Structures are given as C-alpha cells and as structure tokens.
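Protein chains: 2
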Amino acid sequence: MTNVTQIGALDAWGGDKGKHFIEKEIGAQFAGISVNTTEPGGESPYWHSHARLEEIYIVIDGRGEIVLDDEVVPLEAGTVVRAAPGVMHALRCLPDSPTALRWLCVRSAGMALADVGRDAELDKDRPYPWNA
Amino acid sequence: MTNVTQIGALDAWGGDKGKHFIEKEIGAQFAGISVNTTEPGGESPYWHSHARLEEIYIVIDGRGEIVLDDEVVPLEAGTVVRAAPGVMHALRCLPDSPTALRWLCVRSAGMALADVGRDAELDKDRPYPWNA
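Here the protein sequences line up with chains A and B, keeping their order. Counting with my numbering, you get residues 1 to 132 for the letters of the first sequence. Counting with my numbering, you get residues 1 to 132 for the letters of the second sequence.
Do not rely on the hints blindly, as some may be mistaken.
Intra- or inter-copy, both count: the list cannot distinguish identical chains.
Here are the computed lysine to aspartate or glutamate pairs in the DMTMM-like style, where the Cα-Cα straight-line distance is at most 25 Å [claimed, not checked]: (1) K124 with E25; (2) K17 with D96; (3) K24 with D125; (4) K17 with E71; (5) K24 with D96; (6) K19 with D69; (7) K17 with D70; (8) K124 with E71; (9) K17 with D125; (10) K124 with D11; (11) K19 with E39; (12) K19 with E121; (13) K17 with D61.
By construction, these hints were calculated from the structure, which means they are not laboratory data. Source: prediction; values computed, not measured.
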C-alpha cells in the first residue's frame, strides 16, 4: 500500500539514525514529515533555517529545548513549536531528561491554508465498511 | 509566544471534543494540524475528501482502521496513512481497542515539496545558547 507506512513504537522512533523521513514512503506531495529521537544530552548537528518551508515540531515524549533565533523555548510532551521560514533554529534533549526526546517535524510551503479555504466534500449517507 | 502551543498529555489529546486544531495557535501558514482522540467504538461523523488538501494521519496509540475509498487499512501505534486529494475516507477506533485511538492529522496543499527543493541554510559555527 503506497500510501501507508509504519514508524513503529515510540521507543524505536527514527531507527538507528534517530531520524526517519516518511514522505516518500506514503507518497506525500505537499507535506514532509520526519520521525525523530534525540537521546538525553543530544542536540541538532547545526543551526538551520529554510527560505520557504515552515517547520512544525511536535514533541511526544521527553524534555528538551528549542532555540528560535534568540528565543529558547522549553519542550515537553505536548509542546508544539513553529519555526517560520527564515528563522534559524536548533534543539536538544536535556541531559537529565527522563526519556529521549521523541518528536515529529512537519515541513510544508507554498499555498497558505487560508487560501485553500473550504475544499471538503462530505458524504453523510455512505455506510462505513465496518457497519455494512 | 505566538509560535508555541500545548496539546497536552496523550490521554487528554483533543480535549472534551476529541479534536483540537492547533494551526492558528502556532501561527502556521502552510500546514494545518489537528490533535485527536477517538474512543473505542467511535468513528468519523461522515466520509469526506478534499479537492486540494493532502491529509496525513499519524497514529500514536490505540487500534482502529481507516477506509480510503474502498480500501480498509488497519491502524495501530506507528501507522501513517496519506489520504490524497479526492480520496473519500473515514476512520474508527475498534470497539475492543485497549486504548482510545490517538492521532494527528496534517493538512497541506499547493506547492509540492519536490518543487521547493533544497532551501535550507545551515550555520555550523554558531554556538547553541545551552553551550554558550
């Protein structure tokens, strides 16, 4: 199934490299998603920013911090942070974090959601296969 | 901090309504993200598709299934599924799921990542604030 992949249990996120890009596995066209584990004391290899991509960091587990230009934001389970285009940023997992930092990064660009507007089509009459 | 929000611990994802849209809270421009809980036996209120938006479902916990037109895909922790534009879909949490289905949905459209290309700028020399 070309639109389906597995990122595994939380304690295996990112595999041996700690980073797993899944967009090609699911045939994604507009959004890129990486699945990541940063061990306690670990940090980004370098600062980076993007000219056009917006990046959204979603923390599922662990404690850390992310720096956006000059602003340091604490990270814990449930924290979501946007790095706007042009914002230099980097993150780390605190050395005394009880678990590794498990996080998703979503990348996208180009068409503002506000310009997409309401594009949904609903079918309120079609039965679901599990009820048929 | 306008680019930061909290989605809370897994067992509270989505709040009372089971669905929490976070894109405005973080000032996201290109990607929409919802944080969702579907209780065992619960299902989508109706089928839907999008004309232009690609939707990516990321399952963090629970067991369920999603239907993409006529294809039913099982869902468990770590399953990621893309619903392409135009694909009618709906999901449910299995009645005997050991936990509620906790899932993220990422929406985006407009500029293919492949067309964005490499737009990253790296700074390998700047120290991190936590090391300064």
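Hints versus structure:
no. : hint          : verdict
1   : K124 with E25 : neither (31 Å within a copy, 30 Å between copies)
2   : K17 with D96  : within (21 Å within a copy, 35 Å between copies)
3   : K24 with D125 : neither (34 Å within a copy, 31 Å between copies)
4   : K17 with E71  : neither (28 Å within a copy, 33 Å between copies)
5   : K24 with D96  : neither (35 Å within a copy, 32 Å between copies)
6   : K19 with D69  : within (23 Å within a copy, 31 Å between copies)
7   : K17 with D70  : neither (28 Å within a copy, 36 Å between copies)
8   : K124 with E71 : between (46 Å within a copy, 18 Å between copies)
9   : K17 with D125 : between (46 Å within a copy, 23 Å between copies)
10  : K124 with D11 : neither (39 Å within a copy, 29 Å between copies)
11  : K19 with E39  : within (12 Å within a copy, 30 Å between copies)
12  : K19 with E121 : between (35 Å within a copy, 19 Å between copies)
13  : K17 with D61  : both (18 Å within a copy, 23 Å between copies)
Of the hints listed earlier, those the structure fails to meet are numbers 1, 3, 4, 5, 7 and 10, in rising order.
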